[in-house]
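2 protein chains.
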Amino acid sequence: MAKIISDDVKLLGAWPSVFVMRPRIALNIKSVDYEFLEETLGCKSQLLLQSNSVHKKVPVLIHAGKPICESLIIVQYIDEVWSSEPSILPSDPHDRAIARFWASYVDDKWFPSLRLVIGAEGERTAALIDQVTEGLVLLEEAFCNKKAAFFGGDHIGFLDIALGSMLGWLRVTENMVGVKLLDEAKTPWLVQWAENFCADAAVKGPMPQTEKLVEFAKGLLTRMRGS
Amino acid sequence: MAKIISDDVKLLGAWPSVFVMRPRIALNIKSVDYEFLEETLGCKSQLLLQSNSVHKKVPVLIHAGKPICESLIIVQYIDEVWSSEPSILPSDPHDRAIARFWASYVDDKWFPSLRLVIGAEGERTAALIDQVTEGLVLLEEAFCNKKAAFFGGDHIGFLDIALGSMLGWLRVTENMVGVKLLDEAKTPWLVQWAENFCADAAVKGPMPQTEKLVEFAKGLLTRMRGS
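Residue numbers (the UniProt record's numbering), protein chains in the order written: chain A, 1 to 227; chain B, 1 to 227.
Here chain A stands alone, though its shape is the one from the complex:
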């Protein structure tokens, strides 16, 4: 597909953020060219503070001078503005509701457990790991019967982006805690899905290398424990 060249699309972000990865993947899927403005950790730019005065957080998409905030809201915006195929949300209302439901589950229930695993200790670690694997099993059970390559069918869709953006941190967690979270025995469909997702051309650029992300996570952990 030909690139849509626009000097009017900017994305405020940070490379290690799962939430920033979402609009980056969506823009890649739609072949929209954009300027990536990297924020420095611990130092928010004036543009970020102005563009997201409520939450002061990345990602912020600035399109034609207007800011849009919150990763999944940005992904839906991208799908609606650049509405040519491939579409990110399914066309059927029920399928859309299901994709939104699980994306919301991933954000509100599943990821809050995953992000705490690395910093946890003792029994708390085990309990969090259980919650993470239970969530993955729920997703496996809900989608494995469809026998599709992606949650979105034969191409990456809304829930693929929502969960897939977290695969980097999942691997970092596996690496740092020494545990297998995405397990062939428990979630064979998801293991294959993760492989499909990471191999996709729209994902390869934004998805950070695990080693680089592990280094970043170690630095973050040292900071947190030092404070």
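Note that these hints are calculated values from the structure, not bench results. Among the hints, erroneous ones may be present.
Since the list gives no way to pick one copy over another, a pair counts as held whenever it fits inside one copy or between any two copies.
What the hints assert, rightly or not - SDA-like cross-link-like pairs, simulated, lysine to any residue; straight-line CA separation at most 25 Å: (1) K146 x E195; (2) K57 x K109; (3) K57 x D108; (4) K66 x L167.
With chain A fixed as given, assemble chain B onto it according to the hints.
Frame of chain A; chain B shown alone:
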């Protein structure tokens, strides 16, 4: 508008729930007839447990035998399935993103403070009240310049439903704590908006009487403090 008669639309809910009020208002806006299946507090029906096995919470819309969960996802589903006017989401992608942004702000940031005010004590109460009024001022500032009757313009839209469904509990909180949260001096536009919202035909049925809700809230508080 003629009622859309369908024996295929059921809503599992509970009358005091702000989240259940949302799909009820949306179905009224679309003139869709539905069967309201009231859940008993503290005793979840088999149908609820089957239909929302992940969260086990109301509201659940069951349309043509298929369950849809999570209040704002249900509202979007209703808008997409019964797509005739009036539409609930704005048609412009940027306006849609703004409506979704503030609806998410209301759910994730504002309501968590409001719902804790009644049960709080001392300085904590004052801090929560400050958070609630700050949130209302943010909303006032973001929308008062539009000089419209509703967030959605000249008719009730997505953000109206998201925030408006909480007006009953806002009044209960004002009544039980003896504080004015929606204040003519600080948020004149919102005061008028709340009046417009509650006077709307789609809202009158689902919106509980403040006295009845106060009784319910007192019972809930006694239970919570007793446990």
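Status of each hint after checking the structure:
1. K146 x E195: Answer is within: at 17 Å inside a copy they meet the 25 Å cutoff, but 48 Å across does not.
2. K57 x K109: both (20 Å within a copy, 14 Å between copies)
3. K57 x D108: both (17 Å within a copy, 15 Å between copies)
4. K66 x L167: Answer is neither: 30 Å inside a copy and 30 Å across each miss the 25 Å cutoff.
Against the hints set out earlier in the document, a violation occurs for number 4 only.
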